[in-house]
Amino acid sequence: MMPEAPDGNNKSDLILKSIMRRKEQELVVDVEEQKVKMVIFFLFGERYAFYGENVKEILPLMPVSYVPGAPDFIPGVINIRGEIESVININRFLELPDPSSVQRGRIAVAEKDGIRSGILVDSLEDVLDIPLSAIRPPLATLSQSIREFVAGEFVCDDKTVTILDIGKIFRKIAA
Amino acid sequence: MSRREVSNNCCPQEIQILIFTVSGVRIGVDADQVDEMMDVEMAKERGLTIYHIHKKVLFGAMPVVYQTPKVIVIKDGSTPYGVIIDHPNDIAAVNVASIQPLPRLIVCASPSPFWGVVARHDGIVLLIDCNRFSGGTGSIETVDLRKSKDEGGVYED
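Sequence order for the protein chains is P and F. Mapping of the first sequence onto our numbering: residues 1360 to 1534, in sequence order. Mapping of the second sequence onto our numbering: residues 406 to 562, in sequence order.
Because the hints were derived from the structure by calculation, they are not lab data. Being a predicted model, the structure only gives us computed values, none of them experimental. All C-beta atoms, glycine included, are put in the ideal place defined by N, C-alpha and C. You may find that some hints are simply not true.
[As the list claims (entries may be wrong)] Distance ranges between label pairs, derived from CB positions:
#	chain 1	residue 1	chain 2	residue 2	range
1	F	M442	P	P1422	26 to 36 Å
2	F	D527	P	R1495	25 to 35 Å
3	F	M467	P	M1421	13 to 23 Å
4	F	I496	P	P1490	52 to 62 Å
5	P	L1491	F	D495	31 to 41 Å
6	P	E1405	F	M467	39 to 49 Å
7	F	D534	P	A1493	46 to 56 Å
8	F	Q421	P	T1519	51 to 61 Å
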C-alpha cells in the first residue's frame, strides 16, 4: 500500500499532479515561443543554414548546362521539370574552396523577392525548427567575404551554424 | 525572330532553329538569320568577314576546339558576314511558347549575348541573335586551320 502524504493525499497522486503541472507549463512555453525552419547544410566543412521559407525544394545533383559569359560563381542553368533556373556555386560566391568531392552535393532551389535560383551546397545535413530566441548576431570574427551575407547564427548539437541571407546574396548578384 | 516578322509587328508561333554545339554548349540561332552555310575555306575565298562564335559569346578562358567547323552567313542589312560554328546538327521547329528568357541572375550578373533558352528532350539550347554580332574582335585571320595533334580539329583559345 502506498504511503500517504501528510495532508492525506496519495503520494502517487501527488507525483502525477506534479508531472501534469510541469507538462502544462511546457505546453504554454511551446505555444508562445516562435520557431523558424532552418535548412542546414555544409560548405567547406562548416555548417550553414538558409531560412526554410526561402527554400522551395532540395534536388540531387543534376547536369548543369554551362552558359558562356556568366560569372564564375554561376556555373550554368538546370532544367527543373521544364523550368530553366540558374545555379549558384555558393562556395565560389563566398570565396570558399570547392569541395573535394561532389558526391553528396545538393541543389537547394531558393526564392526571395521575386528571384529564384538553384544554390549548390556541399551536402545537406538537416531541416529543423529553431526557436527564434536561439538566433544570435553573427560573430565579428567571420571572414569579410561571408560577413555581409550572414543573417545570424545559432547552436545546434553544440556546433555553430551560420545563417546565410538568401535575399542579400541575390541582391548582390543582381545589382 | 527575323526582321520580317518584327516589321510586320507579328510574333510567330513557331521558329526554325539551327542548333549546333561548341565545346559541349548547345546553341541555337533563328534559321531566318542564316543566309547559307559553307566550309571555312569557301567563306575565306569569298572574302567574308568572319567571326568565331566562341569569341562572340564570351567562352572566356575555356579552351574551345572546333571539330567540324562550318560558316553560317548572316545577312545583316546589306553586308553579309560569317560566323564559324561547330557541329551543326539539327534544324528544329520550336514553339515560341516554349522559349524562356535567361534566368534573371544570369542576365543581371553579366551582359549575355543569349536572348533565350529552350529545354528540349535532348538538352538545353541557348538561343543567340547573330544580328548583334557585327563588328568587334575574333576575325578569321587569327585562326590556325591546321588540325591539332590530339583533338583532330581546329583549336582556338
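To see whether the hints hold, each was checked on the structure:
1. F:M442 - P:P1422: 26 to 36 Å: holds (29 Å)
2. F:D527 - P:R1495: 25 to 35 Å: This hint is violated: roughly 50 Å between Cβ atoms.
3. F:M467 - P:M1421: 13 to 23 Å: holds (21 Å)
4. F:I496 - P:P1490: 52 to 62 Å: holds (60 Å)
5. P:L1491 - F:D495: 31 to 41 Å: With Cβ atoms ~54 Å apart, the hint is violated.
6. P:E1405 - F:M467: 39 to 49 Å: violated (30 Å)
7. F:D534 - P:A1493: 46 to 56 Å: holds (52 Å)
8. F:Q421 - P:T1519: 51 to 61 Å: holds (56 Å)
The structure fails hints 2, 5 and 6 (numbered hints given earlier, in ascending order).
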